[in-house]
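Protein chains: 2
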Amino acid sequence: MSTRELHLNAFLMNTGHHEASWRLPESDPYAHVELGHYVRLAKIAERGTFDSLFLADSPQLWGNLAQRPAGALEPLTLLTALATATEHIGLIATASTSYNSPYNLARRFASLDIVSGGRAGWNIVTTAGAEAARNFGLAAEPAHAERYARAAEFLDVSLKLWDSWEDDAIVGDKAAGVWGDDRKLHPPRHEGTYFSVEGALNVPRTPQGYPLLVQAGSSEDGRAFAARYAEAVFTAQQTLADAQAFYADLKSRTRAAGRDPEHVKVLPGIVPVLGSTEAEARAAEQLLEDHIVYEHGVGRLESLLQLPAGTLRLDGRLPADLPPESAVEGAKSRYTLVVELARRERLTVRQLIGRLGGGRGHLTFAGTPEQVADQIETWFTRGAADGFNIMPAVLPSGLEAFVEHVVPVLRGRGLLRTEYGPRRTLRERYGLPRPANQYLTPAPALV
Amino acid sequence: MSTRELHLNAFLMNTGHHEASWRLPESDPYAHVELGHYVRLAKIAERGTFDSLFLADSPQLWGNLAQRPAGALEPLTLLTALATATEHIGLIATASTSYNSPYNLARRFASLDIVSGGRAGWNIVTTAGAEAARNFGLAAEPAHAERYARAAEFLDVSLKLWDSWEDDAIVGDKAAGVWGDDRKLHPPRHEGTYFSVEGALNVPRTPQGYPLLVQAGSSEDGRAFAARYAEAVFTAQQTLADAQAFYADLKSRTRAAGRDPEHVKVLPGIVPVLGSTEAEARAAEQLLEDHIVYEHGVGRLESLLQLPAGTLRLDGRLPADLPPESAVEGAKSRYTLVVELARRERLTVRQLIGRLGGGRGHLTFAGTPEQVADQIETWFTRGAADGFNIMPAVLPSGLEAFVEHVVPVLRGRGLLRTEYGPRRTLRERYGLPRPANQYLTPAPALV
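These protein sequence lines are chains V and X, in that order.
Our numbering puts the first residue of the first sequence at 9, with every later residue one more than the last.
Our numbering puts the first residue of the second sequence at 9, with every later residue one more than the last.
The hints are simulated quantities; they were obtained by calculation from the structure and are not laboratory data.
Here the structure is a predicted model, which means the values were calculated and not measured.
Where hints are given, some of them may not hold.
To be verified - Here are the computed distance ranges between Cβ atoms for each label pair:
| # | chain 1 | residue 1 | chain 2 | residue 2 | range |
| --- | --- | --- | --- | --- | --- |
| 1 | V | TYR202 | X | GLY439 | 44 to 54 Å |
| 2 | V | ALA93 | X | GLU412 | 38 to 48 Å |
| 3 | V | ARG191 | X | ALA148 | 22 to 32 Å |
| 4 | V | ALA138 | X | GLU412 | 50 to 60 Å |
| 5 | X | ALA93 | V | GLY180 | 24 to 34 Å |
What the hints assert, rightly or not - Pairs of lysine to aspartate or glutamate residues, derived as EDC-like cross-links and limited to a Cα-Cα distance of at most 20 Å, are as follows:
| # | chain 1 | residue 1 | chain 2 | residue 2 |
| --- | --- | --- | --- | --- |
| 6 | X | LYS340 | X | ASP329 |
| 7 | X | LYS182 | V | ASP36 |
| 8 | V | LYS340 | V | GLU34 |
| 9 | V | LYS192 | V | ASP176 |
| 10 | X | LYS259 | X | GLU270 |
| 11 | X | LYS51 | X | GLU408 |
| 12 | V | LYS51 | V | ASP36 |
| 13 | X | LYS259 | X | ASP229 |
| 14 | X | LYS182 | V | GLU303 |
| 15 | V | LYS51 | V | GLU310 |
| 16 | V | LYS182 | X | GLU303 |
| 17 | X | LYS182 | V | ASP298 |
| 18 | X | LYS340 | X | GLU408 |
| 19 | X | LYS340 | X | GLU310 |
| 20 | V | LYS340 | V | GLU174 |
| 21 | V | LYS340 | V | ASP382 |
| 22 | V | LYS340 | V | ASP257 |
| 23 | X | LYS340 | X | GLU154 |
| 24 | X | LYS51 | X | GLU95 |
| 25 | X | LYS182 | V | GLU42 |
| 26 | X | LYS182 | V | GLU34 |
| 27 | V | LYS182 | X | GLU13 |
| 28 | X | LYS192 | X | GLU174 |
| 29 | V | LYS182 | X | GLU42 |
| 30 | X | LYS192 | X | ASP175 |
| 31 | V | LYS51 | V | GLU95 |
| 32 | V | LYS340 | V | GLU228 |
| 33 | V | LYS182 | X | ASP175 |
| 34 | V | LYS340 | V | ASP250 |
| 35 | X | LYS259 | X | GLU13 |
| 36 | X | LYS182 | V | GLU297 |
| 37 | X | LYS340 | X | ASP229 |
| 38 | X | LYS51 | X | GLU303 |
| 39 | V | LYS182 | X | ASP36 |
| 40 | V | LYS182 | X | GLU34 |
We treat Cβ as the ideally placed atom computed from N, Cα and C, and that holds for glycine.
Sequences are here, hints too, so could you generate the full structure?
Take a look at the structure:
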């Protein structure tokens with residue numbers, strides 16, 4: 009095994025990341041709310057010695073019911089159930105800083121970290137879209153910059169709450185009748201722009217200190233936020249050059265923020281479509297594209313690009329006069345990636361929808377297990393990735409195929425662990441230190 | 009078995025409901041954050057064919073660390089973990105309507121209901137105390153009546169969200185590429201005094217429709233709320249006469265609210281302290297009282313009674329001029345119960361603390377298994393209870409003793425089921441119907 013360790017995260021999404029996956033004969037249209045489906049996926053990922061699994065989320069019903077599976081079990085609930093069904097794998101839940109209270113959310117992650125023996129991770133999102141805002145009493149979505157300002161304060165308060173008990177605050181002296189040491193409690197007494205939080209958390213400090221902090225926005229605000237807080241970053245990159253540029257930029261920003269660049273792991277997403285030959289892989293990809301309802305894709309693309317309904321024609325191209333990313337308040341980096349992909353490869357709207365159907369902007373790669381392993385190794389060794397966010401087009405079969413056929417190749421090349429070994433926390437799996445308590449040391453590593 | 013079924017709920021609280029329980033040699037001072045401790049308790053309760061187990065909660069750190077175990081795993085997280093470790097027992101979590109958003113909380117309960125196969129219950133609380141308020145950006149606790157007005161709107165919105173998918177909204181037509189039927193989606197589009205919630209929940213309708221709704225406040229506002237929404241009520245009652253009066257009042261209010269009085273189950277709390285003889289039970293009770301640190305109890309009593317620190321003396325009595333319940337903004341019914349207990353039995357402050365140490369106002373009953381069963385049978389058959397909230401003074405031993413020794417007596421008398429039989433939802437265990445979807449029927453049973 010090389011000294012540098014490849015990290016794999018399984019990004020789970022009901023019947024798979026391809027929007028048409030639910031239509032395949034093998035797929036269960038109710039999988040998105042079946043605990044058994046997710047238990048099965050988690051166990052497959054553990055067979056593949058993945059570092060972690062991950063669930064995306066937004067507090068709203070996306071799109072409409074006709075087009076494809078909608079809704080999802082609340083991620084922290086589902087991950088708590090998976091914690092008891094697994095032993096080693098990390099459990100990363102998405103949760104929004106715009107539509108939660110720090111006290112409640114910090115407590116829930118602390119509780120999951122305890123229940124899972126130190127395997128909790130938080131994918132921190134600010135949640136784009138007016139639909140979510142309108143489920144929480146707001147007429148419109150807060151501006152992008154404001155969402156990130158709130159997120160930063162949310163993190164500061166959460167870190168204070170997670171540190172509000174020193175590790176040895178519980179004494180348990182039965183004879184003296186003294187259970188804990190109140191001098192080792194540090195109520196935040198936080199008064200800020202977005203939050204006032206006075207008291208200590210009602211959960212002791214957890215195995216990891218706090219959950220692994222993950223971030224996935226690649227906009228300017230997103231990168232600044234990641235440099236300051238994130239320990240792992242999920243990103244969508246279409247080319248090696250773009251991925252290298254992103255990687256170098258993020259490491260350099262992290263250094264500039266006074267942190268060790270090794271302490272942020274960069275994981276691009278990849279949608280592997282496997283076949284025992286290249287032709288077989290392409291056929292599998294084609295089968296999925298054949299199941300896309302292109303008319304549905306047009307509406308979603310118009311929504312992403314913030315165009316009026318009816319603007320796009322399937323066999324036309326994107327308008328030449330799309331606004332710049334800076335004018336977009338939603339998912340900024342996804343916007344730019346899609347526009348650039350269409351222009352670089354001169355795709356029609358239909359072709360673009362086909363390309364996005366598999367990974368919504370993430371790199372789809374159809375090939376043999378060796379080819380997929382080559383791709384992973386290249387990006388890993390050439391400064392584009394510390395690991396990968398594996399996003400199978402179809403679940404569970406795509407994850408099963410990856411673990412069955414690609415994982416052995418990666419192990420054979422000394423890139424991936426062959427077994428978990430002793431139980432470890434998620435942060436230890438990612439080669440990160442347990443954070444010091446900010447109330448004990450003058451300069452904690454993370455803030 | 010009599011036609012009327014006795015319902016038992018296990019109220020779990022770290023090392024037990026007696027404040028000194030953690031000091032006994034058998035107790036683990038870290039039990040409150042040990043998943044294994046709670047799994048063990050849940051399995052004992054399932055051996056005793058309890059209907060449900062229950063966790064109290066408040067989003068704040070109660071009291072201080074020196075006096076007794078403080079903090080707790082977040083209840084919905086803990087119950088989700090217990091869902092996978094149990095098969096039949098209902099899982100009731102406390103959550104606050106004052107410090108949550110309806111969209112998030114409704115979704116979490118829906119997710120637990122799905123993951124547990126229809127075993128979720130929600131103990132709806134408005135959360136007394138300024139400490140909690142100050143963890144959520146408020147300077148002071150909202151007034152009692154305002155908390156209940158918000159709670160009512162919170163429930164109305166939650167019911168809309170839980171009904172926002174009809175049961176058969178998922179179609180799963182792979183050939184046609186139609187996953188769901190959008191005509192069977194009913195976004196709340198709610199605009200009220202406290203909440204605006206536009207969109208449908210992002211979780212389909214659950215096995216129970218929605219969680220069993222539980223309520224535990226016995227104030228005027230609390231009773232009115234229970235009559236309108238609750239399907240089970242936890243209550244603290246010290247005498248048969250008081251319990252009968254409460255029972256009759258709540259059933260009559262429920263009828264007046266247009267609901268079937270059979271559809272709200274009343275469960276007083278009882279702290280059984282068991283011995284194989286009466287003397288042994290009294291000795292067990294005395295052992296616990298000997299471990300109370302009375303000086304700590306004075307401060308807590310002053311806080312409950314809203315008296316300045318230093319007002320009470322251990323060997324004195326309560327002041328004669330305490331304000332009426334109507335002047336109290338905190339836990340109103342608990343206030344009255346404690347004041348009346350002290351006056352009725354002419355207790356000194358020390359004696360009152362001893363009495364409250366076991367059950368914080370709930371009925372402590374020390375005796376043989378037969379005597380405890382007699383007490384339960386009397387209240388059950390004489391119009392004071394539909395079941396009991398069992399609150400062992402010491403855990404796990406007190407729950408183990410109850411299941412080992414009292415449950416067989418109750419079964420022998422035909423009061424309690426001898427086995428669970430086929431899997432059922434929590435609502436079915438309590439003899440309640442699955443609620444109709446409000447968007448389908450003109451007059452749903454519950455609202």
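Do the hints match the structure? See the list:
{"no.": "1", "hint": "V:TYR202 - X:GLY439: 44 to 54 Å", "in the structure": "holds, 46 Å"}
{"no.": "2", "hint": "V:ALA93 - X:GLU412: 38 to 48 Å", "in the structure": "violated, 31 Å"}
{"no.": "3", "hint": "V:ARG191 - X:ALA148: 22 to 32 Å", "in the structure": "holds, 28 Å"}
{"no.": "4", "hint": "V:ALA138 - X:GLU412: 50 to 60 Å", "in the structure": "holds, 58 Å"}
{"no.": "5", "hint": "X:ALA93 - V:GLY180: 24 to 34 Å", "in the structure": "holds, 26 Å"}
{"no.": "6", "hint": "X:LYS340 - X:ASP329", "in the structure": "holds, 17 Å"}
{"no.": "7", "hint": "X:LYS182 - V:ASP36", "in the structure": "holds, 10 Å"}
{"no.": "8", "hint": "V:LYS340 - V:GLU34", "in the structure": "violated, 35 Å"}
{"no.": "9", "hint": "V:LYS192 - V:ASP176", "in the structure": "holds, 8 Å"}
{"no.": "10", "hint": "X:LYS259 - X:GLU270", "in the structure": "holds, 8 Å"}
{"no.": "11", "hint": "X:LYS51 - X:GLU408", "in the structure": "holds, 10 Å"}
{"no.": "12", "hint": "V:LYS51 - V:ASP36", "in the structure": "holds, 18 Å"}
{"no.": "13", "hint": "X:LYS259 - X:ASP229", "in the structure": "holds, 15 Å"}
{"no.": "14", "hint": "X:LYS182 - V:GLU303", "in the structure": "holds, 16 Å"}
{"no.": "15", "hint": "V:LYS51 - V:GLU310", "in the structure": "violated, 38 Å"}
{"no.": "16", "hint": "V:LYS182 - X:GLU303", "in the structure": "holds, 16 Å"}
{"no.": "17", "hint": "X:LYS182 - V:ASP298", "in the structure": "holds, 13 Å"}
{"no.": "18", "hint": "X:LYS340 - X:GLU408", "in the structure": "violated, 33 Å"}
{"no.": "19", "hint": "X:LYS340 - X:GLU310", "in the structure": "holds, 14 Å"}
{"no.": "20", "hint": "V:LYS340 - V:GLU174", "in the structure": "violated, 39 Å"}
{"no.": "21", "hint": "V:LYS340 - V:ASP382", "in the structure": "violated, 30 Å"}
{"no.": "22", "hint": "V:LYS340 - V:ASP257", "in the structure": "holds, 17 Å"}
{"no.": "23", "hint": "X:LYS340 - X:GLU154", "in the structure": "holds, 14 Å"}
{"no.": "24", "hint": "X:LYS51 - X:GLU95", "in the structure": "holds, 9 Å"}
{"no.": "25", "hint": "X:LYS182 - V:GLU42", "in the structure": "holds, 18 Å"}
{"no.": "26", "hint": "X:LYS182 - V:GLU34", "in the structure": "holds, 11 Å"}
{"no.": "27", "hint": "V:LYS182 - X:GLU13", "in the structure": "violated, 41 Å"}
{"no.": "28", "hint": "X:LYS192 - X:GLU174", "in the structure": "holds, 5 Å"}
{"no.": "29", "hint": "V:LYS182 - X:GLU42", "in the structure": "holds, 18 Å"}
{"no.": "30", "hint": "X:LYS192 - X:ASP175", "in the structure": "holds, 8 Å"}
{"no.": "31", "hint": "V:LYS51 - V:GLU95", "in the structure": "holds, 9 Å"}
{"no.": "32", "hint": "V:LYS340 - V:GLU228", "in the structure": "holds, 9 Å"}
{"no.": "33", "hint": "V:LYS182 - X:ASP175", "in the structure": "violated, 53 Å"}
{"no.": "34", "hint": "V:LYS340 - V:ASP250", "in the structure": "holds, 16 Å"}
{"no.": "35", "hint": "X:LYS259 - X:GLU13", "in the structure": "holds, 17 Å"}
{"no.": "36", "hint": "X:LYS182 - V:GLU297", "in the structure": "holds, 14 Å"}
{"no.": "37", "hint": "X:LYS340 - X:ASP229", "in the structure": "holds, 10 Å"}
{"no.": "38", "hint": "X:LYS51 - X:GLU303", "in the structure": "violated, 36 Å"}
{"no.": "39", "hint": "V:LYS182 - X:ASP36", "in the structure": "holds, 10 Å"}
{"no.": "40", "hint": "V:LYS182 - X:GLU34", "in the structure": "holds, 11 Å"}
Checked against the numbered hints above, the structure violates hints 2, 8, 15, 18, 20, 21, 27, 33, 38; every other hint is satisfied.
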